[in-house]
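Chains as they are written, first to last, in this note's numbering: chain A, 1 to 154; chain B, 1 to 154; chain C, 1 to 154.
Watch out, some of these pointers could steer you wrong.
Derived, one-sided and incomplete: chain B residues facing chain C with beta-carbon distance under 8 Å [to be verified]:
1. Arg6
2. Leu10
3. Gln14
4. Thr30
5. Val134
6. Gly140
Covered, in the sense of this in silico footprint (three residues per stretch, anywhere, with C-beta under 8 Å from a C-beta of chain C), are these stretches of chain A [claimed, not checked]:
7. 93-105
8. 112-126
If you're looking for bench data, these hints aren't it; they were derived computationally from the structure.
Glycine is no exception: its CB is placed at the ideal position from the N, C-alpha and C atoms.
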Amino acid sequence: MSAEQRLKELGLTQLTASKPAGNYAAAVQTGNLLFLSGKAPQPIDGKPPKGKLGREYSAQDGRALARSACVELIAAIRQQLGSLDRVVQFVELHGSLNTVPEFEAHAEVLDGASDLLAEVFGPAGVHARSVVGVASLRNGVPLTLKAIVEVRQQ
Amino acid sequence: MSAEQRLKELGLTQLTASKPAGNYAAAVQTGNLLFLSGKAPQPIDGKPPKGKLGREYSAQDGRALARSACVELIAAIRQQLGSLDRVVQFVELHGSLNTVPEFEAHAEVLDGASDLLAEVFGPAGVHARSVVGVASLRNGVPLTLKAIVEVRQQ
Amino acid sequence: MSAEQRLKELGLTQLTASKPAGNYAAAVQTGNLLFLSGKAPQPIDGKPPKGKLGREYSAQDGRALARSACVELIAAIRQQLGSLDRVVQFVELHGSLNTVPEFEAHAEVLDGASDLLAEVFGPAGVHARSVVGVASLRNGVPLTLKAIVEVRQQ
């Protein structure tokens, strides 16, 4: 099954890519590599989520927020490429979690994003990964994700 | 107008690349991609800026500091390539801001760097971007920038 | 002398790559670039190190911990490639240090890793580098390293 078909099965059909937060592009392609800008989770009831993991949000909340930011990444990839079926391999996923200094469940949180990539892209969704807990993020969002993806030419 | 010409118009003619802070290179090229090491803002009155955004420095200060660190990046690119006109595309810019945990104006600060890239490189300066607020940086500098740039062979 | 020979001289012969902490790969190759996932220092007396630089660990401790995490990176590269002699150039090393907000000795700490790369790979070990102090890391580890390496096809 193709990534576009899996997306439909997951009910993720109304993907609208959010706009960059400043003077930059959502993505830049060089050769076969597509570099994606950082993405925060989608708004809930029209409001962007705000708060820190380990204070406003639990690790379990974080999993859902990571999945949500990953949907944003996927929307950006789709907008850039026209179709997710042009993705050859997800190369790298980097997560920045807005945490209190004692937070330790980074791997659990990021799996919310990694699991979605596996569901949508199958083996092509398996990626190298890194995750850190940061002191602050723009507008107080609880996490951001960025990625590098290998794509085929049209 | 070429990037070298724009640099002159901006009065940025005396670019001296600062030395790496440890046992590493200012930049490494692989294929057409140039990976730049992290750069802090330029010294002010001979002293490297020191302090946190949201405490010693405002967001407006941060904009100027981001522009200053971006000048450092540009100097490193120029030293590596001989001329900025070998830059095909600025691919990715990543900012690490030394902030208090409540800081939220990351996008405003980074635009200080992104705006300079647009001024110097035009469309070739449009980049993917990510920014985080970190707990600390070497020698207490207020921010660092790193980048990946696509270059043409000489 | 080859990287494999230098590894032997350093007594680093029993390299066992640790497993990823979640649903991701230890490394992903795209073209000639190998992207490595984040690695923490090796266990000490069977236990993963835990604590912050500037509180539980000094800068000098940090140097040794960075060297240890770099051994983990090298083990992951070796497992992926079969032999370190397939490394053409170490491209980028990024360090995330789990620090108190006042920590400033990031460059000294990271040199623990950079020095090892120079010892093992010689000129091919010279890399672009960046390092930040983060608010938290998975399971409270004191630092993680990630890297991008240029490799030759088999």
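A quick look at each hint next to the structure:
Because the closest C-beta pair between Arg6 (chain B) and chain C is about 25 Å apart, greater than 8 Å, the hint is violated. A hinted interface residue such as Leu10 (chain B) counts as satisfied when its beta carbon comes closer than 8 Å to some beta carbon of chain C; here the least separation is about 26 Å, so the hint is violated. For Gln14 (chain B), the interface hint is violated, since its Cβ never comes within 8 Å of a Cβ in chain C; the closest pair sits about 24 Å apart. Taken as an interface hint, Thr30 (chain B) checks out: its beta carbon lies about 4 Å from the nearest beta carbon of chain C, inside 8 Å.
Contact between Val134 (chain B) and chain C, as hinted, is supported at the beta carbon level, the nearest pair being about 4 Å apart and thus within 8 Å. Look at Gly140 (chain B): its Cβ gets to within about 5 Å of chain C, closer than 8 Å, so that hint holds up. Proximity of the region 93-105 of chain A to chain C, defined as three or more residues with a beta carbon under 8 Å from a beta carbon of that chain, is established by the 9 residues found. Here the region 112-126 of chain A counts 4 residues with a CB under 8 Å from a CB of chain C, which clears the bar of 3, and the coverage holds.
The structure fails hints 1, 2, 3 (numbered hints given earlier, in ascending order).
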